[in-house]
Amino acid sequence: MARKIGDDIVIEADECDLGQEDIGDTKLMGIAHDQAGGFGEPNVEKKDKLAQKPDDVVESTDATSVAQGVVDDHADIQNAKAESQEQLSNKRKSLLRIGPGLITGVADDDPSGIGTYSVAGAQFGYQLLWLAPVCVPLMIAVQEMCGRVALVTSKGLSAIIKEHYPKWLLYSVLMLLVGANTINIYADINIMAASMKMLFGLPFALWATVLTIGIVVAQIAVPYKHYVKFLKYACLSLLAYVVIAVLPQVNVDWNSVVYNMVTPQWNSSPGYILTIVGFLGTTISPYLFFWQAGEQIEDDIADGLTDESGYRASQIKRSEIRSVRADTAVGMIFSQIITIFIIVSTAATLHVSGNTDINTAEDAARALLPLGASAYWLFTLGILGVGLMAIPTLAGSAAYAVAETAGWRNGLYRRFSRAKGFYATIALVIVVGYLLNFVQVISPVKALLYSAVLNGLVAPPLIVV
Numbered sequence: 092m093a094r095k096i097g098d099d100i101v102i103e104a105d106e107c108d109l110g111q112e113d114i115g116d117t118k119l120m121g122i123a124h125d126q127a128g129g130f131g132e133p134n135v136e137k138k139d140k141l142a143q144k145p146d147d148v149v150e151s152t153d154a155t156s157v158a159q160g161v162v163d164d165h166a167d168i169q170n171a172k173a174e175s176q177e178q179l180s181n182k183r184k185s186l187l188r189i190g191p192g193l194i195t196g197v198a199d200d201d202p203s204g205i206g207t208y209s210v211a212g213a214q215f216g217y218q219l220l221w222l223a224p225v226c227v228p229l230m231i232a233v234q235e236m237c238g239r240v241a242l243v244t245s246k247g248l249s250a251i252i253k254e255h256y257p258k259w260l261l262y263s264v265l266m267l268l269v270g271a272n273t274i275n276i277y278a279d280i281n282i283m284a285a286s287m288k289m290l291f292g293l294p295f296a297l298w299a300t301v302l303t304i305g306i307v308v309a310q311i312a313v314p315y316k317h318y319v320k321f322l323k324y325a326c327l328s329l330l331a332y333v334v335i336a337v338l339p340q341v342n343v344d345w346n347s348v349v350y351n352m353v354t355p356q357w358n359s360s361p362g363y364i365l366t367i368v369g370f371l372g373t374t375i376s377p378y379l380f381f382w383q384a385g386e387q388i389e390d391d392i393a394d395g396l397t398d399e400s401g402y403r404a405s406q407i408k409r410s411e412i413r414s415v416r417a418d419t420a421v422g423m424i425f426s427q428i429i430t431i432f433i434i435v436s437t438a439a440t441l442h443v444s445g446n447t448d449i450n451t452a453e454d455a456a457r458a459l460l461p462l463g464a465s466a467y468w469l470f471t472l473g474i475l476g477v478g479l480m481a482i483p484t485l486a487g488s489a490a491y492a493v494a495e496t497a498g499w500r501n502g503l504y505r506r507f508s509r510a511k512g513f514y515a516t517i518a519l520v521i522v523v524g525y526l527l528n529f530v531q532v533i534s535p536v537k538a539l540l541y542s543a544v545l546n547g548l549v550a551p552p553l554i555v556v
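Using this note's numbering, you'd call the opening residue of the sequence shown number 92 and step up by one each time.
Some clues are possibly wrong.
Listed below are the simulated DMTMM-like cross-link pairs for lysine to aspartate or glutamate, each with C-alpha atoms no more than 25 Å apart in a straight line [claimed, not checked]:
no.: 1; residue 1: K408; residue 2: E235
no.: 2; residue 1: K320; residue 2: D394
no.: 3; residue 1: K246; residue 2: E235
no.: 4; residue 1: K537; residue 2: D394
no.: 5; residue 1: K246; residue 2: D394
no.: 6; residue 1: K323; residue 2: D394
no.: 7; residue 1: K511; residue 2: E235
no.: 8; residue 1: K323; residue 2: E411
no.: 9; residue 1: K253; residue 2: E235
no.: 10; residue 1: K288; residue 2: D448
no.: 11; residue 1: K320; residue 2: E235
no.: 12; residue 1: K288; residue 2: D394
no.: 13; residue 1: K537; residue 2: E411
no.: 14; residue 1: K246; residue 2: E411
no.: 15; residue 1: K323; residue 2: E235
no.: 16; residue 1: K408; residue 2: D394
no.: 17; residue 1: K320; residue 2: E411
Hints in this document: simulated from the structure, not taken from any laboratory.
Make a model of the complete structure from these sequences and hints.
Spelled out as structure tokens, the structure:
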């Protein structure tokens, strides 16, 4: 409860069951005073920020509203916190923590990406393996930039572009990003539903509907501290492709693998060039830039390093920057190791047997069936596992971009009632991707190509700015 004493607003902590608990390094009473104008001299910077907010975000400064706002902010931040103080201390001491970098790297190998890499292996054998080590330093550099920008500013990429660049650039990037993500979600849902139909039967439409509802509900209803754990465990699904490559019935020419990884092969055929474009488009994807920045902010809030307004009580330490770098490097390297194993698996099985007419990951899984049920099941379950992580990443990155552009509250740590626009964007992007499966405007294969082209248009200006 809050009561007014003169010009000050005081929150009686015992009546709102919050005690003297801190939110970051700022007391609840202090936050209330600051939001209402504070003691003595006003906080000009925060007043300016408040003045810039859209009408639906500006909160009333009367005593009751301020008190309720503090309670809601506190609940959101508590929802983000995943560890006890002892666990959090150990996490901060560790150079490498499993964070946004690893999740981002694994999300890069989404079902549509698996399809692209499968096509590369089936049609050209080991020839395109050199692209993976070439992409690693590029991915690390770009994703680390995104993580460090978010760490230093506590702002996402759209918010940064909005502050420093023309609106036409912001809106152009936003439209291309949301469009590419929606198309990618359409293709991923299509591949996942087709995979479920292959494994368990039942109609495609049923599986597409079940997957869509499940993903939307999980992303909106599951608390962030539990949701992020699921994302981290889902990373393990990609190990299925490592297992396939070492199965006894799969005869991999490891000498050729090593040779093609360090020796670029060139082929002037249109199919070869198109596959390279698709490979690069699905590997260096703009949605990963926005996701990395958004998740870095959420992790900082969960760790108590910043509050929900971006306020940071302590200076950024070198160990935090090293942690971002190490986490990003591990995530990107892991991503490309899996890419290599996907290409190796399909090259050693499909290409060798002359089965090169592969257009999707579903085709690749079906073609592996003659090798035994284990290869077929592992390949398909890998698609499902990473798809359950990739679609939320695609939708989440679009929602971060839209919410930051519109000035809405955003963050998966927030409850739905506190970030309706953010969660509505997540649901809308996924549902539109789902509906495209029944409109039949374009095939999933063409959708992936168009998505790669859009990614290619968005990525360069984002890297430059």
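Now for the hints, and whether the structure bears them out:
no.: 1; hint: K408 x E235; result: holds, 16 Å
no.: 2; hint: K320 x D394; result: holds, 15 Å
no.: 3; hint: K246 x E235; result: holds, 15 Å
no.: 4; hint: K537 x D394; result: violated, 42 Å
no.: 5; hint: K246 x D394; result: holds, 16 Å
no.: 6; hint: K323 x D394; result: holds, 17 Å
no.: 7; hint: K511 x E235; result: violated, 30 Å
no.: 8; hint: K323 x E411; result: holds, 20 Å
no.: 9; hint: K253 x E235; result: holds, 21 Å
no.: 10; hint: K288 x D448; result: holds, 21 Å
no.: 11; hint: K320 x E235; result: holds, 22 Å
no.: 12; hint: K288 x D394; result: violated, 41 Å
no.: 13; hint: K537 x E411; result: violated, 42 Å
no.: 14; hint: K246 x E411; result: holds, 16 Å
no.: 15; hint: K323 x E235; result: holds, 19 Å
no.: 16; hint: K408 x D394; result: holds, 14 Å
no.: 17; hint: K320 x E411; result: holds, 21 Å
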